[in-house]
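Read top to bottom, the protein sequences are chains A and B. Here full-length UniProt numbering is used: position 274 in the first sequence is 274, and no number is missing along the way. Here full-length UniProt numbering is used: position 27 in the second sequence is 27, and no number is missing along the way.
Read the hints as simulated data drawn from the structure, not as lab findings. Treat the hints with care, since some could be wrong.
If several chains are the same, the list does not tell them apart, and a pair holds so long as it fits within one copy or across any two.
[To be verified] Lysine-lysine pairs mimicking DSBU-like chemistry, simulated, CA-CA at most 30 Å apart: (1) LYS54 <-> LYS40; (2) LYS54 <-> LYS189; (3) LYS40 <-> LYS87; (4) LYS249 <-> LYS189; (5) LYS54 <-> LYS208; (6) LYS54 <-> LYS249; (7) LYS69 <-> LYS87; (8) LYS249 <-> LYS40; (9) LYS54 <-> LYS69; (10) LYS247 <-> LYS69; (11) LYS189 <-> LYS247; (12) LYS208 <-> LYS249; (13) LYS189 <-> LYS208.
Protein chains: 2
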Amino acid sequence: MEAVPKRPLDRHVHGSQHTQTTFQAHPRVAEGAGMTTAGKAPGLAQANLIAIPKDWAYDFLLFTHRNPKPCPVLDVLDAGETVSALKPDADVRTHAPRYRIWEHGELVAEPENATEHWRDDLVTFLIGCSFTFETALTNAGVPLRHVEQGRNVAMFVTDIQCRPAGRLHGPMVVSMRWVPESLVDIAHKVTALMPSVHGAPVGAGDPKMLGIDDVHAPDFGDAVEPEPGDVPMFWACGVTPQAVLMKSKPPFAITHAPGQMFVTDMPDFAYRVG
Amino acid sequence: MEAVPKRPLDRHVHGSQHTQTTFQAHPRVAEGAGMTTAGKAPGLAQANLIAIPKDWAYDFLLFTHRNPKPCPVLDVLDAGETVSALKPDADVRTHAPRYRIWEHGELVAEPENATEHWRDDLVTFLIGCSFTFETALTNAGVPLRHVEQGRNVAMFVTDIQCRPAGRLHGPMVVSMRWVPESLVDIAHKVTALMPSVHGAPVGAGDPKMLGIDDVHAPDFGDAVEPEPGDVPMFWACGVTPQAVLMKSKPPFAITHAPGQMFVTDMPDFAYRVG
Numbered sequence: 001m002e003a004v005p006k007r008p009l010d011r012h013v014h015g016s017q018h019t020q021t022t023f024q025a026h027p028r029v030a031e032g033a034g035m036t037t038a039g040k041a042p043g044l045a046q047a048n049l050i051a052i053p054k055d056w057a058y059d060f061l062l063f064t065h066r067n068p069k070p071c072p073v074l075d076v077l078d079a080g081e082t083v084s085a086l087k088p089d090a091d092v093r094t095h096a097p098r099y100r101i102w103e104h105g106e107l108v109a110e111p112e113n114a115t116e117h118w119r120d121d122l123v124t125f126l127i128g129c130s131f132t133f134e135t136a137l138t139n140a141g142v143p144l145r146h147v148e149q150g151r152n153v154a155m156f157v158t159d160i161q162c163r164p165a166g167r168l169h170g171p172m173v174v175s176m177r178w179v180p181e182s183l184v185d186i187a188h189k190v191t192a193l194m195p196s197v198h199g200a201p202v203g204a205g206d207p208k209m210l211g212i213d214d215v216h217a218p219d220f221g222d223a224v225e226p227e228p229g230d231v232p233m234f235w236a237c238g239v240t241p242q243a244v245l246m247k248s249k250p251p252f253a254i255t256h257a258p259g260q261m262f263v264t265d266m267p268d269f270a271y272r273v274g
Numbered sequence: 001m002e003a004v005p006k007r008p009l010d011r012h013v014h015g016s017q018h019t020q021t022t023f024q025a026h027p028r029v030a031e032g033a034g035m036t037t038a039g040k041a042p043g044l045a046q047a048n049l050i051a052i053p054k055d056w057a058y059d060f061l062l063f064t065h066r067n068p069k070p071c072p073v074l075d076v077l078d079a080g081e082t083v084s085a086l087k088p089d090a091d092v093r094t095h096a097p098r099y100r101i102w103e104h105g106e107l108v109a110e111p112e113n114a115t116e117h118w119r120d121d122l123v124t125f126l127i128g129c130s131f132t133f134e135t136a137l138t139n140a141g142v143p144l145r146h147v148e149q150g151r152n153v154a155m156f157v158t159d160i161q162c163r164p165a166g167r168l169h170g171p172m173v174v175s176m177r178w179v180p181e182s183l184v185d186i187a188h189k190v191t192a193l194m195p196s197v198h199g200a201p202v203g204a205g206d207p208k209m210l211g212i213d214d215v216h217a218p219d220f221g222d223a224v225e226p227e228p229g230d231v232p233m234f235w236a237c238g239v240t241p242q243a244v245l246m247k248s249k250p251p252f253a254i255t256h257a258p259g260q261m262f263v264t265d266m267p268d269f270a271y272r273v274g
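Please model the complete structure; the sequences and the hints are all you need to start from.
The structure is reproduced here in structure tokens:
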């Protein structure tokens with residue numbers, strides 16, 4: 001498996017090159033392929049993580065309500081709390097494989113352990129992740145090309161602007177999966193039943209309708225190769241808060257690294273309706 | 001149609017009689033039967049409403065996240081805002097048929113127009129209402145006894161405690177519908193697909209499992225008569241915030257009156273998944 005060339009993270013986001021530079025300072029992550037929890041915890045719900053100062057927590061919680069497709073909230077901890085009811089034996093500062101530390105919208109570090117960056121005024125949010133519906137897709141006969149190829153899912157910043165909330169604004173991020181054309185309908189149906197982990201896709205077919213120029217050059221995660229007859233399907237993605245951090249520049253935040261999720265103890269079935 | 005005798009609103013809530021007294025001061029509402037938007041706006045989503053001072057908004061928003069069954073949020077306005085995107089031509093202070101004004105957990109007035117009680121620090125929340133799935137139930141062949149009888153739905157305070165958030169805590173309220181036993185499964189299936197308007201029922205059959213002593217003596221709304229072979233089904237209810245107000249006693253709040261909802265312009269189908 002070869003490393004996938006990275007494009008600037010901020011291609012659509014703030015148009016400068018510094019994030020690229022920051023990334024080159026973290027070669028292990030910049031290596032790209034394979035650094036993911038996708039396919040590693042079948043049957044369990046996985047979560048995006050963002051911890052933000054209490055002073056920004058209302059704006060963020062409001063943002064999630066106004067943008068439920070990319071930001072379905074699974075849990076909110078009290079300020080300073082480090083254990084979620086969704087994974088009682090784990091510390092939210094260490095359980096994800098890798099974290100990102102943000103200052104004023106800039107990515108400043110990507111540690112495996114976020115404890116030394118912790119502050120007691122941080123409010124941690126766990127947000128649904130589309131990896132949670134991948135077991136259901138598999139059970140329905142939908143192949144997962146990124147898992148087959150041992151890669152992270154491909155994620156893209158779209159030209160869809162989220163609905164702002166207080167000081168927070170920014171574009172929606174989506175994950176992309178190659179799906180055989182004959183299975184697009186079933187993939188839609190299976191995921192629509194799991195709205196807490198992003199639900200139905202926001203688009204399928206033409207990446208340009210989401211403002212995505214090149215489906216082989218993701219903004220986050222890995223490029224994934226299609227099989228003949230595959231079409232791209234796009235789901236709202238819990239990396240959206242990271243695009244919002246870049247745009248809105250709160251003074252401090254901690255997130256997981258894209259694709260390197262907080263794996264919960266919750267069965268994926270708990271997030272299925274009907 | 002005869003008026004339904006009221007039991008103290010606070011039967012399970014704070015154990016005193018004053019709410020009963022307050023109710024007697026509002027005879028038009030105390031008349032009970034028929035004062036409802038149930039069945040009056042088929043195909044449109046209806047919403048519960050609560051406006052609470054900005055200082056309490058984070059606690060409330062967190063409460064809704066921690067209790068998504070009774071409190072699925074459809075919209076959150078900014079402080080002082082009086083128009084929701086879900087009903088752009090209406091004022092949230094006048095569009096519901098009747099409001100409740102709360103001070104320190106006490107019901108102090110029930111006006112048809114809440115404008116004179118408005119404060120610019122109020123943050124308005126619109127919360128999903130189970131009336132929204134009633135058209136889907138009808139379409140699936142499930143009769144609605146309360147609509148047939150021209151009554152409000154029956155609502156009960158349960159012994160299920162919600163998950164607290166900040167200063168807010170209190171019991172879950174449920175709505176009850178009589179459903180022919182042969183249609184219980186389809187009623188479950190239809191409503192499970194609409195999680196934003198309370199989703200699947202929280203119980204069916206024995207009211208005692210929810211701490212409800214007498215299914216003919218609701219805490220809010222009207223008593224509804226079953227037909228032979230009907231069993232009671234219970235759904236989490238957006239009147240829960242009112243039970244929480246009684247218990248948690250924030251200094252001020254405005255809500256709709258139970259069953260007299262804020263009718264939106266949104267098609268009910270918008271809140272259906274799958």
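Inset, instruction - Run the structure past the numbered hints and jot down the numbers of the failing ones, going up. - result: 1, 2, 4, 5, 8 and 11
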